[in-house]
Amino acid sequence: AQFAGARAAAPTDRSADDDPSWRFRNPEFNQWVSQIKEEKDALALREQQLNELQNRLNAERQDILTVTQTVAQLQADFDRSIVRFKAQEVENVRHQAKLIAAMSPAGATAMIAEMADDDVVRILFTMKTDVASAILDTLSTRGKADAKRAATITLRLHQVLPATTNTTASTAAF
2 AQFAGARAAA PTDRSADDDP SWRFRNPEFN QWVSQIKEEK DALALREQQL
52 NELQNRLNAE RQDILTVTQT VAQLQADFDR SIVRFKAQEV ENVRHQAKLI
102 AAMSPAGATA MIAEMADDDV VRILFTMKTD VASAILDTLS TRGKADAKRA
152 ATITLRLHQV LPATTNTTAS TAAF
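Start counting at 1 in the sequence shown, then tack on 1, and there's your number in my numbering.
Check each hint, because a few of them may be wrong.
What follows is a set of in silico ranges between Cβ atoms, one per label pair, in the way DEER data are often shown [claimed, not checked]: (1) 129 / 65: 44 to 52 Å; (2) 146 / 105: 16 to 24 Å; (3) 76 / 134: 30 to 38 Å; (4) 42 / 79: 48 to 56 Å; (5) 129 / 82: 20 to 28 Å; (6) 144 / 80: 25 to 33 Å.
Here are the computed lysine-lysine pairs in the BS3-like style, where the Cα-Cα straight-line distance is at most 30 Å [stated by the list, open to error]: (7) 149 / 129; (8) 129 / 99; (9) 145 / 129; (10) 149 / 99; (11) 145 / 99.
It should be emphasised that the hints constitute simulated quantities derived from the structure, not laboratory data. A virtual CB, placed ideally from N, CA and C, is assigned to each residue, including glycine.
Could you build all of it, start to finish, from the sequences and the hints given here?
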């Protein structure tokens, strides 16, 4: 009942710009806003630089991966083309070389003609040069195919990598 006679205040045509709190300007606030904008620009530049660096690193990683795969392929090709002695086979090969060296060149050639090229190369590599050359000479006189095989074996003798143990000095006795 007390407020029954009260009326609502008449609306005024004041805008928000007329309010004193909106008209207040603080120089520190403007300085903070400019610092935040500068930091935002610096962060955007840094983000761009980091993205460029990441793209460059990804490209270099891809290049390294490609080179690594190429090296692995080359190593596999090299391993296929080179006859290698395995350390555990050295004694067996030396024993076979002694047996074949004791045979006549014709008998040794007949036996070698039936063996795989890798085995022949390992055995001939462990023999003395004059014994191995007599066997290869006999093999090359048996026909055109055997002469070609003798040439292939001779070329492969240059590609032999002996075992890493000191077996080359002990194999020279054949």
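Hint check:
1. Here the CB-CB span from residue 129 to residue 65 is close to 48 Å, well matched to the stated 44 to 52 Å.
2. For residue 146 and residue 105, the Cβ-Cβ distance of about 22 Å falls inside the hinted range of 16 to 24 Å, so the restraint holds.
3. Taken as a hint, the range 30 to 38 Å holds for the pair residue 76 and residue 134, whose Cβ atoms sit roughly 32 Å apart.
4. For the hinted restraint 48 to 56 Å between residue 42 and residue 79, the CB-CB distance of approximately 55 Å keeps it satisfied.
5. For the hinted restraint 20 to 28 Å between residue 129 and residue 82, the CB-CB distance of approximately 26 Å keeps it satisfied.
6. Checked against the given bound of 25 to 33 Å, the beta carbons of residue 144 and residue 80, roughly 32 Å apart, stay inside it.
7. Pair hint residue 149 plus residue 129 holds up; C-alpha atoms about 22 Å apart against a cutoff of 30 Å.
8. For the hint pairing residue 129 with residue 99, the CA-to-CA distance comes to about 10 Å; that is within 30 Å, so the pair holds.
9. A distance of roughly 25 Å separates the Cα atoms of residue 145 and residue 129; the hinted pair therefore holds under the 30 Å criterion.
10. Distance restraint check for residue 149 and residue 99: the Cα-Cα separation of roughly 25 Å lies within the 30 Å cut-off, and the hinted pair is therefore satisfied.
11. Of the pairs offered as hints, the one joining residue 145 and residue 99 holds, with about 28 Å between alpha carbons and a cut-off of 30 Å not exceeded.
Violated hints for the displayed structure: none, as all numbered hints are satisfied.
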